[in-house]
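**Student:** In case you want the letters, here they are:
2 protein chains.
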Amino acid sequence: MNEIKVIEGGVTAAKGFKAAGAYAGIGKNAEKGDLALLYSEVPGNAAAVYTKNKVKAAHIAVTKDHLQDGVAQAIICNSGNANTCTPNGVEIAQKETELVAEALGIKAADVLPAATGVIGVPLEIAPFENTIPELAEKLSPEGSAQAADAIRTTDTYIKECAVTFELNGKTCTIGGIAKGSGMIHVNMGTMLSFIGTDVKISKELVQKALSDEILDSYNQVSVDGDTSTNDTVVVVANGLAGNEEITEPGDDYKKFCDALHIVAVDLSQKIAGDGEGCEKLLEAHVTGAPDKDGARKVAKSVICSSLFKAAVFASDANWGRILCAIGYADCDFDASNIDVSVCSATGTVEVCKGSASVPFDDDFATKVMSEKKVTVEIDLHDGEEEAYAWGCDLTYKYVEINGSYRS
Amino acid sequence: MNEIKVIEGGVTAAKGFKAAGAYAGIGKNAEKGDLALLYSEVPGNAAAVYTKNKVKAAHIAVTKDHLQDGVAQAIICNSGNANTCTPNGVEIAQKETELVAEALGIKAADVLPAATGVIGVPLEIAPFENTIPELAEKLSPEGSAQAADAIRTTDTYIKECAVTFELNGKTCTIGGIAKGSGMIHVNMGTMLSFIGTDVKISKELVQKALSDEILDSYNQVSVDGDTSTNDTVVVVANGLAGNEEITEPGDDYKKFCDALHIVAVDLSQKIAGDGEGCEKLLEAHVTGAPDKDGARKVAKSVICSSLFKAAVFASDANWGRILCAIGYADCDFDASNIDVSVCSATGTVEVCKGSASVPFDDDFATKVMSEKKVTVEIDLHDGEEEAYAWGCDLTYKYVEINGSYRS
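Those protein sequences? They're chains A and B, same order as listed. Counting in UniProt numbering, the first sequence runs from 1 upward without gaps. Counting in UniProt numbering, the second sequence runs from 1 upward without gaps.
To be clear, the hints were calculated from the coordinates, so they are not data collected in a lab. Each hint should be verified, as a subset may be incorrect.
Copies of the same chain look alike in the list, so a pair counts if it fits in one copy or across any two.
As the list claims (entries may be wrong) - Dumping the calculated EDC-like pairs for lysine to aspartate or glutamate here, alpha-carbon to alpha-carbon at most 16 Å: (1) LYS52 <-> ASP334; (2) LYS52 <-> ASP330; (3) LYS54 <-> ASP334; (4) LYS292 <-> ASP212; (5) LYS52 <-> ASP332; (6) LYS54 <-> ASP330; (7) LYS107 <-> GLU41; (8) LYS138 <-> ASP149; (9) LYS54 <-> ASP382; (10) LYS54 <-> ASP332.
Given the structure is predicted, the values throughout are model-derived calculations rather than measurements.
Construct the complete structure from the given sequences, taking the supplied hints into account.
**Tutor:** See below:
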């Protein structure tokens, strides 16, 4: 087996991972869980990336501290409260890890805290004290969906992905969960995403793989241009697959990265496609760019344009707005020879050639734009590099959700 | 008289300026004009700034060319068609200037073309041929409002401002018009704004005054984060006030700049307050910043946040979103000691102190946020610099307008 196969499941798909979720009373919605616990039977080499927002959630300081040794065994994550801009946030996050350590009989320094929700409301420790023992009890290899549900805020569905592949004859798995929806303009990590793998890989390489990977997956997602204070992606590699440890960037490392890419892109698309109030997943694919970073910026600029996002909502192939968004991207290229097509399951329509209008069938274009996933293909004809970005349409519902979030 | 006084009127308020507007059949809405002509009885020293979007309207190339000598006498501007990404755009824009030159008996090189509207639809010359002679006939010192109306697209009201002041005992006037509404995220010029003044000032200094001025007025406006392909601000100074020519940056130059600032900020606020679909003018005032550019970026980041804009629509003092937007602004400052208040005609509410929550009366905060103009006061406590930025709330109507713009 040489290929990478997408399988059912999420963060517990790999060997030795368990998860659970429960309602602890932190969030207001008792219909769903608000506290998730992820656990690996053995400590794993772990890597994380965080938001670049200067206003950071308190949990990030604790997670960074606990990851100094590159090892983690559990993650505790609540929704309903961001634990950001609160007076005692770090203390609470630290205490959470101690409660988990006690319940699981592991080291507090191997527990990573995370949080998402409203900013500026002090977080109490009582819900954690009451619920962590129950979560520890409930931990199971089937708990991924429950955990993914517990970290949701305005997400409308849970986000899981898992893949298997072989390394030296051993079956390896990478699986993850994520939450998205609002305040999504990823610059570093994403909202929250937790990935578990049984691949044996060194601390250095798992961090390198994650840091490189986010550039073309999580960092290319935007729902609303707002980079959250809480963005965090964590990968825990517990080594239980039994492959020879990956210690340098050879073929095995490449395969690991390819598999990680599939999981990360899938979760990224799920985050974008479930953007607050959205009806469609919007993908931009830029080719012919002079450099990789420029390709990323042009793709992201298109999926971030409020004007084009509103046009996508209306299934309007308003390519002038695409050209406009390409033009203000921070990338140095020749803007005189741009081709643009819109594509979906219905078909493909070329709407702009050589940076000028071409005749096209407006009714068919509307049909193409009416699908649940719409891709904009952009060829800059000024180089060899390409990149993708993912966003969503801008809808009445987005305004409604965000005009009434706190109440 | 030492002060600068706001007076009635717009781009024709200064001596020697005339304007007219008419419906030429370029736009679809025959209820309003779509072609404006501005004229100065004598050629004036002129300065312009343009969009930084790499995809530029065709008229910009012609305007740049005609302004190489720093002199202009007339501006011809249509709405309903951006003359952008069209095969013959430059040719059409050039031809427009020749038609104006012929009708007015002036040099085509002293005529500046401008346009706004849909991107990518070829522009015909016939409407200009048919309407420019009529416009030349109609030119009048009372024509500013008519011209301001003709350049509107989705703007709901016309935008004019004028001020008078004295230089060496001579009454001087600066007046302008602008259009705004959508695709507004100014980075260099603005949508379209034309300013006429009778001040006698050298070409170099009128350009310097404009280039400096836009940093704290037009460039601090954002409706939707989309930098247009057509942004242009032009100032024509015809010298008819009879003051001693301003040739160096002394007291007279400072007074000219102060007066220009009042006009530019007033028009900027009118653009922001008439953002597509908006109900409120949102102002951010940042103080205590380590540097001027950083102060501007933080202010602009807050008025650009889709999440906070939606909260403003709902009159929700959701300060966590303000902190989030401050935190992702590209400015280096200490994020641990930020104070935030929301203010309006109703009063002031402190919502965040030392980057943490403070108790406040939610009902009163909602009343404060319900006014037509809402100001967010932000003190970073990390320096002496300050800046303003202007935006608007994000509403259902914005989505509606932009989901149906072309149809």
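**Student:** Between the shortest in-copy and the shortest cross-copy C-alpha distance, which are at most 16 Å for LYS107 and GLU41: within, between, both, or neither?
**Tutor:** Only inside one copy: LYS107 and GLU41 sit 13 Å apart there, 83 Å across copies, limit 16 Å.
**Student:** My question is about LYS52 and ASP332: at a cut-off of 16 Å on alpha-carbon distance, are they close within one copy, between copies, both, or neither?
**Tutor:** Intra 24 Å, inter 12 Å, cutoff 16 Å: inter-copy only.
**Student:** Under a CA distance limit of 16 Å, which applies to LYS54 and ASP334: within one copy, between copies, both, or neither?
**Tutor:** between (34 Å within a copy, 8 Å between copies)
**Student:** Using 16 Å as the alpha-carbon threshold, which applies to LYS52 and ASP330: within, between, both, or neither?
**Tutor:** So LYS52 and ASP330 pass the 16 Å test across copies only (10 Å; inside, 19 Å).
**Student:** For LYS138 vs ASP149, is the C-alpha pair at or below 16 Å within one copy, between two copies, both, or neither?
**Tutor:** Within. Shortest intra-copy distance 15 Å satisfies the 16 Å Cα cut-off; inter-copy 67 Å does not.
**Student:** Is it within, between, both, or neither for LYS292 and ASP212, if the alpha carbons may be no more than 16 Å apart?
**Tutor:** within (13 Å within a copy, 34 Å between copies)
**Student:** If the cut is 16 Å between Cα atoms, do LYS54 and ASP330 qualify within a copy, between copies, both or neither?
**Tutor:** For LYS54 and ASP330, the Cα distance is within 16 Å only across copies (10 Å; inside one copy 22 Å).
**Student:** Between the shortest in-copy and the shortest cross-copy C-alpha distance, which are at most 16 Å for LYS54 and ASP332: within, between, both, or neither?
**Tutor:** between (28 Å within a copy, 9 Å between copies)
**Student:** With 16 Å as the alpha-carbon cut-off, assign the pair LYS52 and ASP334 to within, between, both or neither.
**Tutor:** between (31 Å within a copy, 14 Å between copies)
**Student:** I want to check one pair: LYS54 and ASP382. Are their C-alpha atoms no more than 16 Å apart within a copy, between two copies, both, or neither?
**Tutor:** between (35 Å within a copy, 14 Å between copies)
Of the numbered hints given earlier, the model fails none.
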